[in-house]
Amino acid sequence: MNSPPISEADLQAYVDGYLPAGRRQEIEHWLAANPLDAARLRVYGEQGRLLREYYAPLLHEPLPESLRCLAEGPARRPGRRPWWFGSWSLQPLAAGLLVAVIAGGAGWVARGLQPAVVPSAEVPLARQAAVAHAVYSPDQRRPVEVGAEQEEQLVRWLSKRLGVAVSVPKLGGLGYELVGGRLLPGNLGPVAQFMYQDAAGQRLTLYVSTEMAGSRETGFRFAREGEINVFYWLDGRFGYALSAGIARHELAAIASAVYEQLEAK
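In the working numbering, the protein residues as written are 215 to 479.
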């Protein structure tokens, strides 16, 4: 008997841990042959982890007055109550709603509510870069797909996949050496990530997107996602974002060096 085709719903259930062991194994085999989808699911998993880390404490806080009425239910009145009223606890429901509202206000987009292709404006460049940094920079076993010892091959490969020539900035003068790079899924196609590391093991990543068609050149912009600082800018069809868990002024100096090298190409 043939297994059913793997759907997006299967992939989301895989990320959330809702699949039976047999189906999970089938998807793992499929992901091994589809690295872009595998990378996308790793990013989704990290988004979920960050959401839990940032907002789970809210579940243990008192509900605000505006939501207390939802938790307590309607006022008692003579007559029969709705069939569902006695079967559900509304306190977890209200708390979950509170987390969802706050998470949405912070700019997170629930995976299950996204269309298959998300316009780039809906998933900001800085957030994509920060999540990708959070996923891969702690990895000690395989932080990159192609290492710095194969830099020429890395540049050719990423340039071919992105459909445009990409450059690797040199940051040795600032104490950061290239570790390597990898291909990641973007909103509309692949993006590139270059990773650097200093002598103390501190890592930073440069996220390169070519999905900015029609965008104008911009100056540096700053964003903070959790403990990750990000400087990002647009240059024609390119979007660049430099991410690291280092001080803002230190990252700004490195971002300036990256910008100058890319502009000189």
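Worth flagging that the hints you see were computed from the coordinates, not collected in a lab. Note that the coordinates shown come from a computational prediction; the quantities given were computed from them, not determined experimentally. Any given hint could turn out to be false.
Stated by the list, open to error - Straight-line Cα separation of at most 30 Å, DSSO-like style, residue types lysine-lysine; simulated pairs:
| no. | residue 1 | residue 2 |
| --- | --- | --- |
| 1 | K384 | K374 |
| 2 | K374 | K479 |
| 3 | K384 | K479 |
Sort out whether K479 lies within 30 Å of K374, counting only the CA atoms.
-> holds (18 Å)
Do the alpha carbons of K384 and K374 lie within 30 Å of each other, as the hint requires?
-> holds (21 Å)
When you check the alpha-carbon spacing of K384 and K479, does it fall within 30 Å?
-> With Cα atoms ~12 Å apart, K384 and K479 stay inside 30 Å; holds.
The structure shown violates none of the earlier numbered hints.
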